[in-house]
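Trainee: Sequence:
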Amino acid sequence: MLDFLATFMMKDPYFVFGRERSVDYALPWYLVGLSPWRLEAYRQLFSISGAFAAVAAAYSLTDMVHFYATRYCNPSRNIPWMYASAFGSFGEVFDRGLAGFWGSWWHQTFRQQFLGPAAFLLKKRVIRKGTAAGNLVALLSCFAMSGLLHGMGSLSAVPHTKLWRQPVFFLLQGIGMIVQQQLALLVKRVLPAASVPVRRAGNALFTLLWLYATAALFNDDMADMGLWLLEPVPFSVFRAAGFGFPGDAIWRWDSSYLFRWHSGRYWWQSGITI
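Mapping the sequence shown onto UniProt numbering, position 133 (from 1) lands on 133, and the numbers just tick up by one.
Since the hints were made in silico from the structure, they are not lab data.
One or more hints might be untrue.
As the list claims (entries may be wrong) - Straight-line Cα separation of at most 25 Å, SDA-like style, residue types lysine to any residue; simulated pairs:
#  : residue 1 : residue 2
1  : Lys11     : Arg252
2  : Lys129    : Leu171
3  : Lys123    : Gly134
4  : Lys129    : Ile175
5  : Lys162    : Ile175
6  : Lys11     : Leu171
7  : Lys11     : Asp24
8  : Lys123    : Val137
9  : Lys129    : Lys162
10 : Lys162    : Asp224
11 : Lys11     : Ser35
12 : Lys162    : Leu149
13 : Lys162    : Phe17
14 : Lys162    : Pro36
15 : Lys162    : Ser141
16 : Lys11     : Met225
17 : Lys162    : Val16
18 : Lys124    : Val137
19 : Lys124    : Trp106
To be verified - Simulated restraints, written as ranges between beta carbons of each label pair:
#  : residue 1 : residue 2 : range
20 : Leu205    : His262    : 44 to 52 Å
21 : Met64     : Tyr257    : 15 to 23 Å
22 : Tyr266    : Tyr83     : 36 to 44 Å
23 : Phe4      : Leu39     : 15 to 23 Å
24 : Phe259    : Ala84     : 25 to 33 Å
Backbone N, C-alpha and C fix where the C-beta goes; we use that ideal spot for every residue, glycine too.
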């Protein structure tokens, strides 16, 4: 999946140059006839698929290394079920909507860290558990932390980026949960007998529309940073099959992808490059 995405992302100038600079370059033939909203949907689908595949691959590789490294020295860790998937059940999106997307399906790597400010305020009795104010502070502080964390990637990028996009995107996800909750209460009053399939479809539809309306903030920042220019796999099957550009090398990793020693002018400028 990573190889497929990397091969075809490079054909779309958006993933190479970012949104603003990509308008100076021609689209590939299979994207030329798409309407603006379909082209946006295509780019959002590839962006979230790329993020999903990259995170899943990183977790799977780490789990595989841990599994085989502890096979003999720590057999108690040599149990497959201990290495769970990085992502939850997608059914949570149908059951809980946007809250299920971010709170259960998407990876929860930084869950405890993002909950830290709310847990501190709860411990100091600044907010109370279960209250509307407490829940609101916890919700928005979590997404504010996520926005700041992802914004650091934008800050440290070499190309010019807009630092406000990541925090705004993640805060909008918290706002989206509040909007969906209020809409659900309204629909419940209007259609009290709505069936479970109808409610699940409504949750999924709201999630899809909200992400479509807001995801450009996140995706544009990723593209502007040049994140998709990194080669995720050393060997490209799709380029070997002729789906890349003419002359594309099948072996994708050069010396810049390998660990090596860098000697700077001063000792603090020297070290192993990653």
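Trainee: Would you mind marking each hint as holding or not holding in the structure?
Mentor: Hints, verified against the model:
At most 25 Å may separate the alpha-carbon atoms for a hinted pair to count; lysine 11 and arginine 252 meet this at roughly 16 Å. Taken as a hint, the lysine 129 and leucine 171 pair is honoured in the structure, with Cα atoms around 21 Å apart against an allowance of 25 Å. The straight-line distance between the Cα atoms of lysine 123 and glycine 134 is roughly 12 Å, inside the 25 Å bound, and the hint therefore holds. Restraint check: the Cα-Cα separation between lysine 129 and isoleucine 175 comes to about 20 Å, which is no more than 25 Å; the hinted pair holds.
Proposed proximity of lysine 162 and isoleucine 175 is supported: the alpha carbons are some 21 Å apart, at most 25 Å. Taking the CA atoms of lysine 11 and leucine 171, the gap is about 32 Å. The hint is violated against a cut of 25 Å. For the given pair, lysine 11 sits about 14 Å from aspartate 24 by alpha-carbon distance, which is consistent with the 25 Å threshold. Among the hinted pairs, lysine 123 with valine 137 is consistent with the structure: their alpha-carbon atoms are about 14 Å apart, no more than 25 Å.
With a C-alpha separation of about 36 Å, the suggested pairing of lysine 129 with lysine 162 is violated against the 25 Å cut-off. For the suggested pair lysine 162 and aspartate 224, the alpha carbons sit about 9 Å apart, so the restraint of at most 25 Å is met. With a CA separation close to 18 Å, the supplied pair lysine 11 and serine 35 stays within the 25 Å bound. Taking the CA atoms of lysine 162 and leucine 149, the gap is near 14 Å; set against the 25 Å cutoff, the hint holds.
For the given pair, lysine 162 sits about 14 Å from phenylalanine 17 by alpha-carbon distance, which is consistent with the 25 Å threshold. The suggested pairing of lysine 162 with proline 36 holds, with an alpha-carbon distance near 23 Å, which does not exceed 25 Å. Between the alpha carbons of lysine 162 and serine 141 the distance comes to roughly 21 Å, so the proposed pair stays at or under 25 Å and holds. Pair hint lysine 11 plus methionine 225 holds up; C-alpha atoms about 17 Å apart against a cutoff of 25 Å.
Pair hint lysine 162 plus valine 16 holds up; C-alpha atoms about 17 Å apart against a cutoff of 25 Å. This hinted pair checks out: lysine 124 and valine 137 have alpha carbons roughly 14 Å apart, not beyond 25 Å. With a CA separation close to 30 Å, the supplied pair lysine 124 and tryptophan 106 exceeds the 25 Å bound. Leucine 205 and histidine 262 have their C-beta atoms about 51 Å apart, which keeps the hinted 44 to 52 Å range intact.
For methionine 64 and tyrosine 257, the Cβ-Cβ distance of about 19 Å falls inside the hinted range of 15 to 23 Å, so the restraint holds. A hinted range of 36 to 44 Å holds for the C-beta pair tyrosine 266 and tyrosine 83, which are about 42 Å apart. In this structure the supplied range 15 to 23 Å holds for phenylalanine 4 paired with leucine 39, their Cβ-Cβ distance being about 19 Å. Distance hint check for phenylalanine 259 and alanine 84: the Cβ-Cβ separation is about 29 Å, which falls inside the suggested range of 25 to 33 Å.
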